[in-house]
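Model the full assembly from the supplied sequences, consistent with the hints where possible.
Chains as they are written, first to last, in the UniProt record's numbering: chain A, 1 to 400; chain B, 1 to 400; chain C, 1 to 400; chain D, 1 to 400.
Each hint should be verified, as a subset may be incorrect.
For chains that are exact copies, the list does not tell them apart, and a pair is met inside one copy or across any two.
EDC-like cross-link-like pairs, simulated, lysine to aspartate or glutamate; straight-line CA separation at most 16 Å [claimed, not checked]: (1) K320 x E37; (2) K98 x E233; (3) K340 x D113; (4) K220 x D230; (5) K336 x D311; (6) K98 x E232.
The hints are simulated quantities; they were obtained by calculation from the structure and are not laboratory data.
4 protein chains.
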Amino acid sequence: MNTMPGRHFLQIPGPTNVPDRVLRAMDMPTMDHRGPEFQALGKRVLSGIRSIFQTENPVIIYPASGTGAWEAALANTLSPGDLVLMYESGQFAALWKKLAEKLGLRTEFISGDWRRAADPEAIAQRLNADKSHEIKAVCVVHNETSTGCVAPIPAIRRAINEAGHPALFLVDTISSLGSIDFRHDEWGVDVTVGGSQKGLMLPPGLSFNALSDKALEASKSARLARSYWDWEEMLVMNKNGFFPYTPATNLLYGLDTAIEMLLDEGLSRVFARHARHSEATRRAVEAWGLEVLCRDPAQHSGSLTAVLLPDGQDADQFRKVVLDHFNMSLGAGLGKVAGKVFRIGHLGDFNDLMLLGTLGGVEMGLDIAGVPHRPAGVRAAMDFLSGHRQSEGNGKVVAG
Amino acid sequence: MNTMPGRHFLQIPGPTNVPDRVLRAMDMPTMDHRGPEFQALGKRVLSGIRSIFQTENPVIIYPASGTGAWEAALANTLSPGDLVLMYESGQFAALWKKLAEKLGLRTEFISGDWRRAADPEAIAQRLNADKSHEIKAVCVVHNETSTGCVAPIPAIRRAINEAGHPALFLVDTISSLGSIDFRHDEWGVDVTVGGSQKGLMLPPGLSFNALSDKALEASKSARLARSYWDWEEMLVMNKNGFFPYTPATNLLYGLDTAIEMLLDEGLSRVFARHARHSEATRRAVEAWGLEVLCRDPAQHSGSLTAVLLPDGQDADQFRKVVLDHFNMSLGAGLGKVAGKVFRIGHLGDFNDLMLLGTLGGVEMGLDIAGVPHRPAGVRAAMDFLSGHRQSEGNGKVVAG
Amino acid sequence: MNTMPGRHFLQIPGPTNVPDRVLRAMDMPTMDHRGPEFQALGKRVLSGIRSIFQTENPVIIYPASGTGAWEAALANTLSPGDLVLMYESGQFAALWKKLAEKLGLRTEFISGDWRRAADPEAIAQRLNADKSHEIKAVCVVHNETSTGCVAPIPAIRRAINEAGHPALFLVDTISSLGSIDFRHDEWGVDVTVGGSQKGLMLPPGLSFNALSDKALEASKSARLARSYWDWEEMLVMNKNGFFPYTPATNLLYGLDTAIEMLLDEGLSRVFARHARHSEATRRAVEAWGLEVLCRDPAQHSGSLTAVLLPDGQDADQFRKVVLDHFNMSLGAGLGKVAGKVFRIGHLGDFNDLMLLGTLGGVEMGLDIAGVPHRPAGVRAAMDFLSGHRQSEGNGKVVAG
Amino acid sequence: MNTMPGRHFLQIPGPTNVPDRVLRAMDMPTMDHRGPEFQALGKRVLSGIRSIFQTENPVIIYPASGTGAWEAALANTLSPGDLVLMYESGQFAALWKKLAEKLGLRTEFISGDWRRAADPEAIAQRLNADKSHEIKAVCVVHNETSTGCVAPIPAIRRAINEAGHPALFLVDTISSLGSIDFRHDEWGVDVTVGGSQKGLMLPPGLSFNALSDKALEASKSARLARSYWDWEEMLVMNKNGFFPYTPATNLLYGLDTAIEMLLDEGLSRVFARHARHSEATRRAVEAWGLEVLCRDPAQHSGSLTAVLLPDGQDADQFRKVVLDHFNMSLGAGLGKVAGKVFRIGHLGDFNDLMLLGTLGGVEMGLDIAGVPHRPAGVRAAMDFLSGHRQSEGNGKVVAG
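Structure representation (structure tokens):
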């Protein structure tokens, strides 16, 4: 157990700071997963989770990590040897690709530089070239947790449509769901993959597949072996609020509460809050004189900000300084950017003062670790958050 | 939420009554699953869980239900089309068989009457006949949760050995682990499948594979597609206390506490306690004039007792009476015995007075539902539990 | 921490088994007791608690044990040397008398045999004799926690009225509030004293004074020194939902939830449930061949039953047997009946199966401790609870 | 319930942010306060609390707010009409004085300007003048929660000694205990008054009297009426770990955990941490160009900082802005400084990043509320906390 005084700042890009209400909801006695009380709960969460995905189609809830929902999305819709087009947006795209290959799929990777999200034009080009429709699915990570770039899902959908290509469209929203606007139905996604431990504000242990009719149709002929991940029995049992095997009851209690909290706040306000904290964070990074990994401002993530350290600086050493001195966990650089990047998670149950504590810890960590920077980040964030300096010359502030 | 006064009696054969200490342990903030604090936790639970399986080999912990661990046991050790020998001990054996088939395995079922556990002689006979060693694995359910019969695992191991058969030996201990003596190493099991929500006293959401060297060796050539369930990366990461994908952090907090509680009580005392409650329950059933489903007294389960109702009685209606009147969940009859049987779970964090409440609820339910019986079950259980009537004629009790 | 397996049975007559919902409500972060969020809470509990006392007058909430509310009732209404008439119903009446004397009041005790509640006729007689109205207050314990006898409050009110005596009427409902019908306004009580840890299903730490106009009027001239207990500032601050000094915030969270639970169930159903469990308990006691301490069936308490052991039996030794063997706490005999009596609490968040576990623990404890008895108590309770044997000859039960 | 996203910042000078471990400890089932398990707890907390007061004498634990412990200190040691010398250090000194008068004591107030703590010389002067030893007790607030000034207790003790005056020395440490060094024995205090909801990191509901032999001796002849607060029975029962009336069991669970946490961290480190956060806060206040209420740097409180707003600014309006915009509660100015001062609590379970969030909220609040200031406070605090700018010219920081 963490024995440093005060609250730990869990500012990795997930798992996130779980709200007390959600933790307490999970701290209730486990119930009979075949009884009437569970049935009411099951119906409530199966319905509520659709609002979060902005879909009227079924959403499957797995007692599993997000990785399981990646596997489920592929295993239910594809057959051994099928070709899947993926985009190398970062580490999680790379892991999903590796997973696909372990399942016996062929994959093709449109290479990326880890500083931009998936590019609709590159995807369009590849699909146009695929006259024989060998590609069975296009897999894109919405919010690349390793880089903090957000892919333009509607534009990719248009690219697929304009190519007249029948491939399924599979999207990973693990670190965007409940933090960044995502519309399963309106954006024409076939399978959306989600997880509990980010914007949904739950501990890890639940993951999701939101479906489309086309995905369901595909599942009927898909020949990848599957049992735990199989949608079919799930959908049958879910109709009555039940599950074909024992669900993770207490995590579902938490999900029930988390959905209620998100809908009470209102999704649009949730997204605006994340965008605001993201903007404040980028202003801090700029004020420090450091560089945000994501090159395209239009793609900046509302969930996290990956920050590049100057050459010669060890980002993991920096993170250790912050953890040891300030009881805050930051995200490591992964894969290609390991050691060069640290990531600030600003998602989930989060507010302005938590962000200031977070940015303050980074700023002091830069001091202590000896990373060259201007000590002006927190103040820049405050200028933005207080909305004050926006409007110049209001005379309220005495010059320093 | 259950709004009947007082505590719900969750007397299904799992999920079980989760102890307050375990619920409270899970109600702590989620931590960074890549940080040093998690690492210490990871090492502790990965080591501690071995004691529960009575093994010195690795145990894999999945963020998944028990069904996932069934799949994992097969997917890591077998190849498409492999033949698996199973024994029809009850509903869970049947479900495991179905799962195996969905994975692309061939199965053979030694039929059973659901009133006895897997029979070593029948298995020996079949293995002896399998001169070509077509059978790649023997799968047995240790404690059949649908019937309350316990299979003689050491005898089955001997049967395999005496047949000189190279098949792997896979055992499901989902409802026996932490309740009924089970010794992975000593009994020569290759893969043991476990779950969190029974004797381990946790909510559902974690499951386990305990391995043998032979199983690990088999995994190297096994060709069933697998990624989430793959042991290989798990074992690499587990060496340092970490996991290849996000673990179910808060359930691991609970596991840490549950292991501590089981080892503090001492496994042999835990098993004795379950055996004692099982014996008391059977005495109650006999006193009621009802029949225990399991025919062989040597196979009576320490975890649960399945009770046959007289012909013409509807066990599900009876269970509904008990739930509505007495706020107690009993287990339904499953599959072949649906509607004929109800099951009393007496496992997990349980004691004598909880058992008396349980048996009292059954006895009163029999009254109200109009099931013919003698109203002497609770008193028979008390005679046994108080240890009193054992020794005749001590003169303490005034005749009624 | 209790390390015996399963749940502890806390069957003393308070503190009682606190419901999970109440414990979890208390497990939320402490808030600013001067802020708007607290204000809403304060208004809610100050209003809700009136429903429990069945009054439209103010109820004072103290951060203190019930003993503090005893002191408050006297200190706010009386002056040094005032004479108070009390009735020796049992240990708690005796303690209240001792407290009054420590405050500088004179007391007069109508002696009782601890087997009946306060007697309206004896009180009437004494008041009629008090022509000079020297007696300033009549203090009665509604439910004597040491004996399990319930005083006829309306009859005592009538006695006071018929004597035309101006004395204040102060009633202790610590172990009846929320368990046994009590009507502050309708029954004309001037100050009602209550506590949190019994029928209100909270941990100890809050206590109450419900007031009448006459009590408020008396407080203006009462000269006992008081500050912490002073009603005046409380009433001023309470108007806006606040308190004059720091309130026990987290216990108030629990109170808020407990009031909601009681009103959701409905007070009349709460009282009926307690009466039913009390009746079942007495039937068990009779079936054991033991004697209930309270001699008058009309006065039997819905909260607890005090049981006399036969001469020569040590009730405390018996209780130790039950605690050591069965993880159940029973109440000790107090004062005059110490060692001769044990008390079974059957109040608060309680249900039929918890009662059967409780009675089963007593019955087995009698076996083990060697207390002569008939082993028929639990079954007698079940007959009553199942409502079965009420209606003879329905032929459902097979003779034993 | 607070429904703004993220954690509330409870930065009033108590109640403080209760650690999760303490909340969870309180969220365990209530136990029998007369049983062996409670006895072990009682002994543990009664012993442990002495370490916190740095005394080897008994400490009384009341189920009451701090106000109750004020009353207890007086009621146990004094008689009606006794003269008590108090020092007007601020609002809490004034409230204690008012309380003393309600109990029937005479009081004399050495007037103060609310910007300094109690002055040893003024006290010495008054005691020297009291040749007849009419003054029976000197009452001083150690850390004046309304002003943030800390009184020099050892110097006041010396003043009493040097005057050769027999008055008792009573000290209120409600907002210093567990935050600012206080040594009951070494400093020769007769009664120390403490509360649970500040440095002890508990919710409100417990309060304390630490005693001296002289105080105990005085209690034998003290004639103020008392019962609930009476030390005598407490001390008798406490010897065996029990209490004369029902204790606040679940708050004691929390106390047990809180003591363990404080002793694990080590009192000297706890005090240093508070001093450090206090210093950082003052540097922020200075950088803002605002004034700390406490005039004497040697008396600056480690628990809280009271900040004066410029003339014409409404501190309560400012606090409302901070609460509404940033979900943070700050302390109001009380009594003489109402509306002119706001108070920042930086005590209890607190760390650097929580402080930065706190100061950031104040700084942004000043922006929004239009309070003239330099926007340099958070950065000044970071300079101090990171320990960086202390040592000039280390060349790590790029000039802005």
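Each hint tested on the structure:
1. K320 x E37: Classified as between; 13 Å across copies, 46 Å inside a copy.
2. K98 x E233: between (27 Å within a copy, 12 Å between copies)
3. K340 x D113: within (14 Å within a copy, 56 Å between copies)
4. K220 x D230: Intra 11 Å, inter 26 Å, cutoff 16 Å: intra-copy only.
5. K336 x D311: within (14 Å within a copy, 57 Å between copies)
6. K98 x E232: Classified as between: cross-chain Cα gap 14 Å, same-chain 25 Å, threshold 16 Å.
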